[in-house]
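Place chains B, C and D on chain A using the hints.
Heads up: the sequence lines are chains A, B, C and D, in that order. Residue numbers for the first sequence follow this note's numbering, beginning at 23 and rising by one. Residue numbers for the second sequence follow this note's numbering, beginning at 23 and rising by one. Residue numbers for the third sequence follow this note's numbering, beginning at 23 and rising by one. Residue numbers for the fourth sequence follow this note's numbering, beginning at 23 and rising by one.
Hint data in this document are derived by calculation from the structure and do not stem from the laboratory. One or more of the hints may lead you astray.
Given that identical chains are not distinguished, each listed pair holds provided it fits within a single copy or across any two copies.
As a list, the in silico EDC-like pairs of lysine to aspartate or glutamate whose alpha-carbon atoms are at most 16 Å apart [as the list claims (entries may be wrong)]:
id, residue 1, residue 2
1, Lys156, Asp24
2, Lys104, Asp162
3, Lys31, Glu54
4, Lys111, Asp162
5, Lys156, Glu103
There are 4 protein chains.
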Amino acid sequence: MDYRPYMRKAHYYETDQMGIVHHSNYIRWLEEARLDFMEQIGVDYVKLEEMGILIPVLSVQCDYRLTTKYNETVMIVPKLEKVSAVKFKISYRIMAPRTKELHNTAQTEHCFLNREFKPVFLKKDYPELYSLFKRYEGFDLTDL
Amino acid sequence: MDYRPYMRKAHYYETDQMGIVHHSNYIRWLEEARLDFMEQIGVDYVKLEEMGILIPVLSVQCDYRLTTKYNETVMIVPKLEKVSAVKFKISYRIMAPRTKELHNTAQTEHCFLNREFKPVFLKKDYPELYSLFKRYEGFDLTDL
Amino acid sequence: MDYRPYMRKAHYYETDQMGIVHHSNYIRWLEEARLDFMEQIGVDYVKLEEMGILIPVLSVQCDYRLTTKYNETVMIVPKLEKVSAVKFKISYRIMAPRTKELHNTAQTEHCFLNREFKPVFLKKDYPELYSLFKRYEGFDLTDL
Amino acid sequence: MDYRPYMRKAHYYETDQMGIVHHSNYIRWLEEARLDFMEQIGVDYVKLEEMGILIPVLSVQCDYRLTTKYNETVMIVPKLEKVSAVKFKISYRIMAPRTKELHNTAQTEHCFLNREFKPVFLKKDYPELYSLFKRYEGFDLTDL
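Isolated chain A, as found in the complex (with noise of 0.2 Å):
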C-alpha cells in the first residue's frame, strides 16, 4: 500500500507578473496530483465518469508560504484524510522535492454525484469503489 507524490514542473504561462507562479495554479496543481493520486489507487477518474460519477470540489483552502519560479519543480504529497459514505476530504503538502520546505499546504473537499448532479451515496451504491477510497484514509506517505 503506497503511492508516489506528484511531481509538477512550473509551466511559464503560469506566472504572472510579480515573476512567480499565480495563486490561482496552485488550485490546479491540486487536481493533477488528486487525480493521479487517485489513479495510483486504482480509481480510474475516466472510467468514473463513463459510469456517471462525477466528483466535484465542495471547498478548497490552500495557505502560501514560499513562492514558486518558473521552472521549478515541486513535489505535491496528497493525504487522504478522510472518507464518509458520501464526501471525503484530501489534504496536500506542496513542498521543494531535496529541502522539504513547504511551499503550501492544501485542502480539498469532494462529494459524489451523478449526471444530473444528484448525490450518489458511494457506500451504498459502489461499494467495492468506497472501500479503494477507504483503505487509503489516514494513510501518511512518510519516507518521501
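For chains B, C and D alone, coordinates are given in the frame of chain A:
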C-alpha cells in the same frame, strides 16, 4: 445591421513574468469576442449546444504587434469573412480603443458538428441559422 | 462611502467537461473582484506596483454551493473584513444577481511586500494608503 | 545532435464543456514543448531572462485535426525551421504517441528583446547563443 466591438480589460492573472498579457490569452479573448458577436447577431451559443450543435475551432492564427498590460482595455473587432455550407472564417482586429493602434490581428476557422462530432450541414439542416450567419458575411464594422 | 459589486459573465473556456465553470476559475474571479474593489476605493494596483508594492496572497478559502454555467452572470461582493499594519483579509460572496442565491463564499488574506519580497509596513511606510484601506474595514455592501 | 519530443498528458481543467481539451491550451503546450526543446539544446530560458533576453511570440498558427481528451497523452515534436540574426521560426507536430496520428500542426515565430523591449541582434550580440540555435536549423526528429 450592426454590432458593437468587444471591449476587454486585461486581468492580472493573464500577465506573465515578462510583465505583459501572455500570448495564449489572446486566443481566449478571440473566443469571447466571437461568442459575443454571435450573440449580438442572434446566434445564441447556449441554445446551439442545447440543439446539439457544436462549433469547434479548425484553425487559429494570431499576429502580435503591441503588448497589452494589466488593467489595459482593448477593443476587439470581429469580422465574419466567409460563410460556407459547412464552415466559416472570422478575422479579428485587437486594438487600443482610442488610438486604434493594432495590438493583434487574428483569424479563426470553424465548422459545425453534432454531439457525436459528425459534421452538420448548416445550410441544409438549419437554413435559418445559416442565413443569420450569411447576412453578416463580409460585413465590416467601420465606424469604431 | 460605497462601491459597486463586481459583475462577471462566465466564459466558455472557463468550463470543464462537467459542463460547469471549473472550480479554479473562481479563485481568479476573486482576484478580479478584489482589484476592482481596490480601484473603486482609490487604491490603484497599477500605481502600487510602480511604487514597488506587491500584494501577494497568503491564503485562499472557497466554498462551492451552486455551479455556474457558461454565459451565466454572477455578482461578486467583496468585503474588507480586517486591516492590520501589515496585512488584510477580504471575504466574498458570489451570487446570482437576481435571486441572490449563493454560488460561493470565499476569503483571501494578503500582505504587502516590496520588489525584494520583503514585508512592507503599510501603516508606517504608507499611512495614506493604509487609511484608504482602513476606512472600509468591516464595511458591508447591503443594498445589492 | 538530438533531442527528445515533449510528452504531455491533458489535465482535467484543460477540458471544456465540449468534453475535449480547449483549443487555447494547445498554444500553451507549444510553449512548454518549445522551452523544453531549448533547454535540451543548451539554451536555458531562465538564464536568458537573467541575462536580460526575452523571447516573445511574434505569431502563432495552429491547425486542429483530432481532439484530445482528458488524461490522454500526446507527443509534441518541435522543429526549428529557420533562424535569422534577429528571429526564428518553429513548427510543431502534436501527435498520438503510438499511432503517430496528427492531432495538430502548428508554427510560432519569435524575436529576441531586451528588458526594455528593444530588439536584440542575437547573431551580433550573443554569437554563442546564436550558434546554439543555428546548429538545429532545419534539423528533423525522424525516429520517433
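For each hint given before, does the structure comply? Return the numbers of the non-compliant ones in rising order.
none
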